[in-house]
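As you go down the protein sequences, you meet chains A and B in turn.
Residue numbers for the first sequence, in the numbering used here: 1360 to 1887.
Residue numbers for the second sequence, in the numbering used here: 45 to 206.
Hints should not be assumed to be uniformly reliable.
Stated by the list, open to error - Computed spacing ranges between beta-carbons, pair by pair:
#1 B:His104 x A:Asp1829: 48 to 56 Å
#2 A:Ala1487 x B:Arg186: 50 to 58 Å
#3 A:Thr1605 x B:Leu86: 34 to 42 Å
#4 A:Gln1692 x B:His104: 52 to 60 Å
#5 B:Asp150 x A:Ser1617: 55 to 63 Å
#6 A:Gln1688 x B:His104: 51 to 59 Å
#7 B:Asp150 x A:Asp1828: 25 to 33 Å
#8 A:Asp1828 x B:Arg186: 33 to 41 Å
#9 B:Arg186 x A:Glu1458: 23 to 31 Å
Claimed, not checked - Here are the computed lysine-lysine pairs in the DSS-like style, where the Cα-Cα straight-line distance is at most 27 Å:
#10 B:Lys67 x A:Lys1807
#11 A:Lys1826 x B:Lys144
#12 B:Lys122 x A:Lys1647
#13 A:Lys1666 x B:Lys67
#14 B:Lys87 x A:Lys1654
#15 B:Lys144 x A:Lys1666
#16 A:Lys1538 x B:Lys67
#17 A:Lys1647 x B:Lys58
#18 A:Lys1606 x B:Lys67
#19 B:Lys64 x A:Lys1647
#20 A:Lys1538 x B:Lys66
#21 A:Lys1711 x B:Lys191
#22 A:Lys1606 x B:Lys64
#23 B:Lys66 x A:Lys1647
#24 B:Lys95 x A:Lys1666
#25 B:Lys87 x A:Lys1647
#26 B:Lys94 x A:Lys1647
#27 B:Lys64 x A:Lys1538
#28 A:Lys1666 x B:Lys64
#29 B:Lys95 x A:Lys1647
#30 B:Lys67 x A:Lys1647
#31 A:Lys1606 x B:Lys94
Rather than coming from a laboratory, the hints here were simulated on the basis of the structure.
Just so you know, these numbers come straight off a predicted model, no measurement behind them.
Cβ coordinates follow ideal geometry from the N, Cα and C atoms, glycine included.
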Amino acid sequence: MSIKVFIPRESTALSLGAHHVALAVSDYSSQHKVDLNLIRNGSRGMFWLEPMVEVETSKGRFAYGPVDVSDVASIMEDITTNLLSTHTQEHRLALGLTEELAYLKKQTRLTFARAGITDPLSLNDYLALDGFSGLHKALAATSQEIVTTVVDSGLRGRGGAAFPTGIKWQTVHDAPSDKKYIVCNADEGDSGTFADRLVMECDPFMLIEGMIIAGLAVGSDEGYIYLRSEYPVADEILQEAIAIATKEGYLGNNICGSGRTFNLEVRLGAEAYICGEETSLLESMEGKRGVVRFKPPLPAIEGFFGKPTVVNNVLSLSAIPYILSQGGQAYQQYGANRSRGTLPFQLAGNVKQGGLIELPFGSTLQSLLNDFSGGTQSERPIRAIQVGGPLGAYLPISKFDISLDYEEFTKASAVLGHGGIVIFDDTVDMLEQARFSMEFCVDESCGKCTPCRIGSTRGVEVIDRIKEDDSRAENMILLSDLCETMINGSLCAMGSMTPIPVISAYKDFPEDFHLPSNNAVLEETNHG
Amino acid sequence: MQLDFSSDLSNVVKIIDTLKHKKGALLPILHQIQREIGYIPLKTIDTIAKKLQQTPAEIHGVISFYHQFRTSQPGEHKIQICRAEACQSRGSRDLEQHAKSHLAIDYRGTTTDKKFSLDSVYCLGNCATGPNVRINDELFGRVSNEKFDRLVSSFETQTKGR
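Sequences are here, hints too, so could you generate the full structure?
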């Protein structure tokens, strides 16, 4: 009987040596005449356990991790002598049945239901776990019925702006045009986020299915995935998945024999954070500098080469197959306030148990930390958490009871964004973090508008003067004025949101700016 | 990697002819040139412009906008260190200093033996297991200063990056 072993081919696992572990498992098996069936699966998203090695048993998959090459022989021995014969295990890296691990059991995985379970490039695995059932429903429905289902689901854009996906689709659906496009924004540039990457590396057919359905909904036969070039593994897997889907008739000129057409292509970015902004992304795809466009016209009316274009984040499009398959209501029943469904949170930074945590909106940051984090990697106390990427606020401990939904974050002048949660311990210097926010904007501004292009440079200079205690009080006023100018005078989120982490740093961590906590300057400033 | 200029140019013409039918073909063309030659030689800009019926200024403007595109020959192995927040929280600021002094170059520099180029990058999407370093197309997590040195010496003996 062959032994079925799973070792991820996902980036985090690879970055920690999964490929070498896989080679060692193969070597061991040929040396010891073990009949091995090695599957390179996706990751379950429990990154502190990577590389995680799983074995199929009659009771389900059994996990070991984190596995080093030097552990392979003893693990293989444990598998062959104990686990598969007597259902016992003695290895120090044995974790138990994967599905029973608390980190997974506490989640609600709708979008990530298959991640880490399947071989990302096995169409059979995908089909066996409900894959393409949403597409078949969509092929049997009218375009308006598809759009209405998405409206009913309450799905809002997962890229950060949280615009209702169904409304966007309706606009493109209603726009008269001989040509329309579906563009997937896979320029996942926010630090602390990796959910898009996990979708593309672990379950690429789901994204492809979501894009085909979007095409059917709005009347588009051509789609693009704008992928950041920092993700070479995702690129490789997506290219292969598209080739397989095309060969098997899910893409191309006759989708599943329906006579409908949808073609899909991956386009690579070139290390420019701003190209995650949808109009800058479209400029880049047109072969230009990624300079932000004025809105209106909205991309839904005039997008890629002037044609009506759906621009959706990877996670928005990946939620679509479930919504079509199970219905808008099934998705809508999860969530809080007007934040419906689930959000794949990404726990990152200085954390012991970092990873992907898909939960319905509405739990609190504190409960997420309690249930999943295991504390900091450095074992020092947490001091600050940046939620929502480099344009998101730094939250102090006193705000950890905040509810994880769009409405509550907006109320708190904070950003839920793409769901990235980056933990810092008590060694963090918040003045340096504020300076970095400005510096990042210097490097990544597209340069179109002055408050962002010049304001960020002045921001770095002003913070440096505060650091050196050069007219500190006056420079604090200058910094808060500058932030206000950037917020109100910038065209896109890059310039208008860069001040958010800066303001949160000096308001909630005034001691790092050598300010008393009741400083008059802070009382006068905006956005309290 | 070091090609004489005439072969660069004929390669470039071939690349453009293969890709120019694509909508918004410039980025795919620039990527392919950099993949094959290692950088985008300034002397190819006129050819690209002519073939795409654009001005050389437009092509130059696009190349200079994107951090990834470069117009000078890089080292054999391209090292990138993530300097975004999640890696900072796990000690990347120290790693940056260490890497610069270990290689004796700053960001955007190339070692005198032309073995390594050093660049920063904002986020490699491996944010729970930083600090992260990318060498060519390979990603490495939890890179301590010692691990960085080990990686550098292991790549030193390899001849060519991807």
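Verification of the hints:
Distance hint check for His104 (chain B) and Asp1829 (chain A): the Cβ-Cβ separation is about 39 Å, which falls outside the suggested range of 48 to 56 Å. Checked against the hint of 50 to 58 Å, the C-beta distance between Ala1487 (chain A) and Arg186 (chain B) comes to roughly 35 Å, which is inconsistent with it. Distance hint for Thr1605 (chain A) and Leu86 (chain B): a CB-CB separation of about 38 Å, consistent with the stated range 34 to 42 Å. Judged by the Cβ atoms, the range 52 to 60 Å given for Gln1692 (chain A) and His104 (chain B) holds: they are separated by roughly 54 Å.
Here the CB-CB span from Asp150 (chain B) to Ser1617 (chain A) is close to 57 Å, well matched to the stated 55 to 63 Å. Taking the beta carbon of each, Gln1688 (chain A) and His104 (chain B) are about 54 Å apart, inside 51 to 59 Å as hinted. A beta carbon spacing of about 28 Å between Asp150 (chain B) and Asp1828 (chain A) agrees with the range 25 to 33 Å that was offered as a hint. Taking the beta carbon of each, Asp1828 (chain A) and Arg186 (chain B) are about 37 Å apart, inside 33 to 41 Å as hinted.
For the hinted restraint 23 to 31 Å between Arg186 (chain B) and Glu1458 (chain A), the CB-CB distance of approximately 27 Å keeps it satisfied. Distance hint between Lys67 (chain B) and Lys1807 (chain A) is fulfilled; the C-alpha atoms sit about 24 Å from each other, no more than 27 Å. With a C-alpha separation of about 24 Å, the suggested pair Lys1826 (chain A) and Lys144 (chain B) falls inside the 27 Å cut-off, and the hint holds. A distance of roughly 25 Å separates the Cα atoms of Lys122 (chain B) and Lys1647 (chain A); the hinted pair therefore holds under the 27 Å criterion.
Our distance criterion of 27 Å between C-alpha atoms is met by Lys1666 (chain A) and Lys67 (chain B), whose separation comes to about 13 Å. At roughly 37 Å between alpha-carbon atoms, Lys87 (chain B) and Lys1654 (chain A) are farther apart than 27 Å, so this suggested pair is violated. Of the supplied pair hints, the one linking Lys144 (chain B) and Lys1666 (chain A) is violated, its CA atoms being roughly 47 Å apart against a limit of 27 Å. Taking the CA atoms of Lys1538 (chain A) and Lys67 (chain B), the gap is near 13 Å; set against the 27 Å cutoff, the hint holds.
Using a Cα cut-off of 27 Å, the hinted pair Lys1647 (chain A) and Lys58 (chain B) holds, with the two alpha carbons roughly 21 Å apart. For the hint pairing Lys1606 (chain A) with Lys67 (chain B), the CA-to-CA distance comes to about 23 Å; that is within 27 Å, so the pair holds. Of the supplied pair hints, the one linking Lys64 (chain B) and Lys1647 (chain A) holds, its CA atoms being roughly 14 Å apart against a limit of 27 Å. As the CA atoms of Lys1538 (chain A) and Lys66 (chain B) are separated by approximately 16 Å, the hinted pair is consistent with the 27 Å bound.
For the given pair, Lys1711 (chain A) sits about 20 Å from Lys191 (chain B) by alpha-carbon distance, which is consistent with the 27 Å threshold. This hinted pair checks out: Lys1606 (chain A) and Lys64 (chain B) have alpha carbons roughly 25 Å apart, not beyond 27 Å. The straight-line distance between the Cα atoms of Lys66 (chain B) and Lys1647 (chain A) is roughly 14 Å, inside the 27 Å bound, and the hint therefore holds. At roughly 25 Å between alpha-carbon atoms, Lys95 (chain B) and Lys1666 (chain A) fall within 27 Å of each other, so this suggested pair holds.
With a C-alpha separation of about 20 Å, the suggested pairing of Lys87 (chain B) with Lys1647 (chain A) holds against the 27 Å cut-off. Taking the CA atoms of Lys94 (chain B) and Lys1647 (chain A), the gap is about 16 Å. The hint holds against a cut of 27 Å. As the CA atoms of Lys64 (chain B) and Lys1538 (chain A) are separated by approximately 20 Å, the hinted pair is consistent with the 27 Å bound. Taking the CA atoms of Lys1666 (chain A) and Lys64 (chain B), the gap is near 20 Å; set against the 27 Å cutoff, the hint holds.
Taking the CA atoms of Lys95 (chain B) and Lys1647 (chain A), the gap is near 16 Å; set against the 27 Å cutoff, the hint holds. Taking the CA atoms of Lys67 (chain B) and Lys1647 (chain A), the gap is near 12 Å; set against the 27 Å cutoff, the hint holds. For the proposed pair Lys1606 (chain A) and Lys94 (chain B), the alpha carbon gap of about 37 Å is over 27 Å, so the pair is violated.
In summary, the numbered hints that this structure violates are 1, 2, 14, 15 and 31.
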